[in-house]
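Enquirer: The lines below spell out each chain.
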Amino acid sequence: MISVDLHLARGHHIAFQSTASRVGISGASGAGKSTLLRCIAGLESATGTLSVGGRVLQGPDTWVPIWERKVGWVPQDALLFPHLSVSENLRFGGGDAEQAGEIAQALELEKLMERRPRALSGGERQRVALGRALLREPQLLLLDEPFSALDAPLRLRVMAVLQDWLSVRDIPLVLVSHTPSDWVLCSEHQVASAEGFHLRDP
Amino acid sequence: MSAVWLSLQVGLLAAVLGLMPAMALGYLLARKRFLGHGLLSALVLVPMVLPPVVTGLLLLEVVGRNTALGGALADIGLPLSFSFGGAVLAALIVGLPLYVWSARAAFTAIDPRLEQLAATLGAPPKQQFWRVTLPLALPGLAAGAVLAFARGLGEFGATAVLAGNIQGETRTISLAVYQLLEDPSGQGVGLLVAASVILSMGALLAFEGLNRWQQRRLEQP
Chain S
1 MISVDLHLAR GHHIAFQSTA SRVGISGASG AGKSTLLRCI AGLESATGTL SVGGRVLQGP
61 DTWVPIWERK VGWVPQDALL FPHLSVSENL RFGGGDAEQA GEIAQALELE KLMERRPRAL
121 SGGERQRVAL GRALLREPQL LLLDEPFSAL DAPLRLRVMA VLQDWLSVRD IPLVLVSHTP
181 SDWVLCSEHQ VASAEGFHLR DP
Chain Z
1 MSAVWLSLQV GLLAAVLGLM PAMALGYLLA RKRFLGHGLL SALVLVPMVL PPVVTGLLLL
61 EVVGRNTALG GALADIGLPL SFSFGGAVLA ALIVGLPLYV WSARAAFTAI DPRLEQLAAT
121 LGAPPKQQFW RVTLPLALPG LAAGAVLAFA RGLGEFGATA VLAGNIQGET RTISLAVYQL
181 LEDPSGQGVG LLVAASVILS MGALLAFEGL NRWQQRRLEQ P
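If you read the sequences in order, they're chains S and Z. Going by this note's numbering, the first residue of the first sequence is number 1, and it counts up by one from there. Going by this note's numbering, the first residue of the second sequence is number 1, and it counts up by one from there.
Treat the hints as calculated values from the structure; they're not laboratory data.
One side of the interface only, derived from the structure: several residues of chain Z facing chain S at Cβ under 8 Å: (1) 113; (2) 116; (3) 117; (4) 119; (5) 120; (6) 121; (7) 122; (8) 132; (9) 135; (10) 218; (11) 219.
We treat Cβ as the ideally placed atom computed from N, Cα and C, and that holds for glycine.
Given these sequences and hints, build the entire structure.
Expert: Written out as structure tokens, the structure is:
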């Protein structure tokens with residue numbers, strides 16, 4: 001399903017293979033988890049090959065521009081556009097007001113729509129970043145510790161929303177997380193280390 | 001007072017006409033790595049360290065009426081020496097280092113990942129600039145414009161050499177004050193000095209306010 005073989009600057013090499021459509025990744029910090037997500041999104045300058053679900057995003061004569069990849073990328077710090085309101089952040093990549101309203105309601109953000117990012121808590125920011133990625137209607141979702149700032153009950157509710165959303169659309173997911181309970185979203189689990197990515201023994 | 005009105009016009013035009021070059025140079029220096037980056041970075045500051053009179057002389061060498069460029073411009077009705085246009089050009093060039101510096105600082109302060117994020121959300125480079133980079137840099141660019149305006153307001157050396165001291169055309173506040181100091185009666189200097197102080201302080205207050213706006217705008221908890 002996902003195949004990555006990329007050479008980055010300074011001799012770094014990232015190789016990653018997964019046949020599952022939803023794969024979870026854990027492992028030591030600095031092992032390249034976030035870099036893998038950035039590579040798939042097209043944010044690192046690298047040479048090599050990269051394909052997702054049979055779609056070649058990068059190859060010898062191919063380089064699909066970032067803005068045409070239709071990936072939903074949520075970085076670890078839930079980056080929001082600081083000059084835009086929650087509602088404007090949500091709709092940045094697509095979606096009409098009605099769809100934004102639905103996502104906001106599902107993610108319990110509907111009371112925050114006019115706020116600026118600086119007036120949000122960490123957990124609120126994470127949910128806005130997630131909602132924004134979903135409204136883009138991506139063909140692949142790349143999430144980096146997307147629930148880390150949510151308390152346990154909210155975490156479960158947000159995961160349920162994501163689970164629904166993923167299964168209705170059959171969208172592949174790469175989820176970086178250190179929380180074992182997050183793995184219910186994934187059908188495969190890989191561990192990153194200095195040597196690379198490896199399937200975790202069952 | 002025609003000198004005050006003239007200074008305001010010169011300062012405003014320098015701020016408006018300088019926007020594009022300041023933005024382009026500031027963006028280039030903040031975001032791109034290229035051969036000659038250090039050289040360009042230093043060159044941009046030249047008008048700030050050069051004595052303004054020398055800057056004026058150099059400009060005269062380029063756009064004076066006896067030069068090819070200056071002659072051609074004069075022929076199409078835009079003489080840039082001993083004219084209002086010259087006063088604007090002098091103010092613009094002398095104010096440009098501060099302008100570029102502000103623009104560069106504004107662009108440098110923006111997390112480049114915000115542009116990457118916009119790209120993943122479907123925005124090609126042009127849209128990234130218009131929807132993310134420019135709005136985020138806006139307060140800093142405005143602060144640069146205010147600085148360039150304030151600097152242009154008080155320009156003396158380069159203006160005197162390039163544009164001369166022509167009543168109602170190039171005699172800005174500074175030149176008028178200088179003129180009145182030569183005059184033994186010295187009447188009217190107080191008024192010009194007061195106008196000058198008020199305008200400069202106003203510009204600095206605006207600059208301070210815009211800087212705070214810039215900081216708030218980029219604030220991430």
